[in-house]
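There are 2 protein chains.
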Amino acid sequence: MIPRVQKKNEPDRRPSIHPETQPENTGTSGLIVREQSPENLEFTFASLGSVITPNESFYVRSHFPTPEIDLNTWRLKIHGDAIRKPMNLTFEELLSFPEATTTVTLECAGNSRVFIRRQQEGVQWGQGAVGTATWTGIWLRDLLERAGVKNNARDVVIEGADRGELHKEPKTPGTIPFSHSIPIAKARQNVLLAYKMNGEPLPPAHGFPLRAVVPGWFGMACVKWISRIAVTSQEYTGYFQTADYSYWEECDELPPQLKPVTEIDVKAQIARPALHEVIPANTTYLVRGAAWSGESKIKRVEISVDGGKSWHLARLTSDPSHYLWTLWHYEWRTPAEPGSCVLMARATDEQGRTQPLEHSKNRGGYRVNFIVPVVVKIK
Amino acid sequence: MIPRVQKKNEPDRRPSIHPETQPENTGTSGLIVREQSPENLEFTFASLGSVITPNESFYVRSHFPTPEIDLNTWRLKIHGDAIRKPMNLTFEELLSFPEATTTVTLECAGNSRVFIRRQQEGVQWGQGAVGTATWTGIWLRDLLERAGVKNNARDVVIEGADRGELHKEPKTPGTIPFSHSIPIAKARQNVLLAYKMNGEPLPPAHGFPLRAVVPGWFGMACVKWISRIAVTSQEYTGYFQTADYSYWEECDELPPQLKPVTEIDVKAQIARPALHEVIPANTTYLVRGAAWSGESKIKRVEISVDGGKSWHLARLTSDPSHYLWTLWHYEWRTPAEPGSCVLMARATDEQGRTQPLEHSKNRGGYRVNFIVPVVVKIK
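Residue numbers (the working numbering), protein chains in the order written: chain X, 723 to 1101; chain H, 723 to 1101.
What the hints contain is simulated information worked out from the structure, not anything from laboratory work. Here the structure is a predicted model, which is why all the values come from computation and not from measurement. There may be inaccurate statements among the hints.
In this list, chains with the same sequence are indistinguishable; a pair is considered to hold if it fits within one copy or across any two.
BS3-like, lysine-lysine: derived pairs with alpha carbons at most 27 Å apart [claimed, not checked]:
id, residue 1, residue 2
1, LYS1083, LYS981
2, LYS1031, LYS1099
3, LYS1083, LYS890
4, LYS893, LYS981
5, LYS1101, LYS1019
6, LYS1021, LYS1031
7, LYS1101, LYS890
8, LYS799, LYS1099
9, LYS981, LYS890
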């Protein structure tokens, strides 16, 4: 949403209570319920154990109720003023395109929102609006090639079958479908239209029968329940990339400008210890977590156990790869004496981008990648 | 602002009371005060008598307090990534450019907002956030030519010396200056940087020492108290053309899209009679007003005295001209019997564009050009 600018007299909420330490409604799958309807469910990041997140543990982000889709009547419409041969494909026809598989980390643009010092509107995500799956489907570029893209193509607008009206500011202009656009170059590079998630048919909550996977971009671009794809010669400025999912970009010589959220920011998250976890003195504790960065690879992860005074290299336990998180750990020799310690993790990517110490208020409740301290007790 | 979508249970305010019939604070100049600070003052449109609006009767639209400017220290900075030779001009140096004069109608994008059936946020303008003046200054194109514009130029960002922070939604990202951009083609066509208004030095409320006049565009583009002009290679998306001064454009094949308000819509306004004016039966009454249309000329104005059942051509009493309102009148033979009549005026421009009967809610509180009925009493 249009970033809400914080007032100075709003209460300071940080260090806030780690959401995992609060009582939560948990469904049968162990996901943390952040909203019942539409369904917004969070992965318990403290349980991170492998690169791939199982489907039943994968976070769910929905803007409107899950649409019921009958595969017999479902069609994928390809249209727009920059398409030569509009198409209307059945699911069977989709399957005739070459199948492709890719492993990609998805992160919600609002992940970690709850850690922002002053409360932000929106779903109060902790660390778990992020997850990694192996996606199988067809390349968007193969579909576009068959439909014939004109030279003046600019944006590819992906529209879902989910629709509704939002009454809070910023209100939607009546009932609208979820939609998001991707520049034609990115659409041709590596956007997948996925019908399988970790080898299973795409679950309803994750966009059955077809969702977009936009590697390196925040999740709002990964439109679920796809019904239409339009290629347009003009820039697309729909609700979910202007009124919502936008932020104010500062510029030296110009006033701030509204920009859509796109690429995932570089970030490391500590899975364990959890906030206020009690850890024995004088032992070896395996601090562990994951790190990722939009279009780049993770170069290094550093850990501080003294509130940022000194930093130590963590060991990357899975190969750094584009579009995919890297697992890491750090063997921490805990202090001999009881007390408390402040742990921090900081990722740097191959482009040299790293994490800030504070959240920029111009980002509103999005792009939250500042270093979140984890206080633990030594006993 | 992001158009506020009306709820069905909001009170129906139309037919509303014509603001001129309500008691109003009027300053010494006869302007209707809509807001004291920042200064937002409305022309008494019922007093319309000539094409040119005198300076002291001209509407004032301000977003922030009027800045105090000392001509000795004031500079106009020309900069941006699409400018070859950045400049920093004194007022004297500005005067060395060829002087140009043009007569242009300015209308606030929120003019007539009070007539919308369901109340909209923003200054509650009646008919009088519109006026016409003869502006003298220099062509923006002459300035740009001297500064050297690169081939990749896209937008010309004009920034005022007025600044502030808005705390209502949509909030500004902190303290920002007023600014607005114009596409390079329009900037080169006929945008004037004015330092005189109707032959007088530009009054402080109207942007002393320099304001933009953007013929055919709503007033928000006519930045006052200009301090900087940037030519950019990228699209400019500042607050006053995204979060504010924007609307939702409907499209057949795509979800609604956020667009900046730009060109003035075709519109006729009845100056007299006023709402609920008492008019003698069986007499000739001169219905009169003005009509205008952004980049086009007025083709015709039609009048109805029976609530829209039948329409009659009005006589255009000033030559239709681009960027300039046309005065019109209609000799109405009033009914022989007492009762009430509903008057309407409808303008059509040379492109065939005319006025709707209802305000589109996707326009929020902007671009209000639906036909506003004027009920009068015959006695």
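Taking the hints in turn, this is what the structure says about them:
no.: 1; hint: LYS1083 x LYS981; in the structure: both (14 Å within a copy, 25 Å between copies)
no.: 2; hint: LYS1031 x LYS1099; in the structure: within (18 Å within a copy, 81 Å between copies)
no.: 3; hint: LYS1083 x LYS890; in the structure: both (21 Å within a copy, 16 Å between copies)
no.: 4; hint: LYS893 x LYS981; in the structure: both (19 Å within a copy, 15 Å between copies)
no.: 5; hint: LYS1101 x LYS1019; in the structure: neither (37 Å within a copy, 82 Å between copies)
no.: 6; hint: LYS1021 x LYS1031; in the structure: within (21 Å within a copy, 74 Å between copies)
no.: 7; hint: LYS1101 x LYS890; in the structure: neither (47 Å within a copy, 49 Å between copies)
no.: 8; hint: LYS799 x LYS1099; in the structure: neither (56 Å within a copy, 57 Å between copies)
no.: 9; hint: LYS981 x LYS890; in the structure: both (21 Å within a copy, 20 Å between copies)
Checked against the numbered hints listed earlier, the structure breaks hints 5, 7, 8; every other hint is satisfied.
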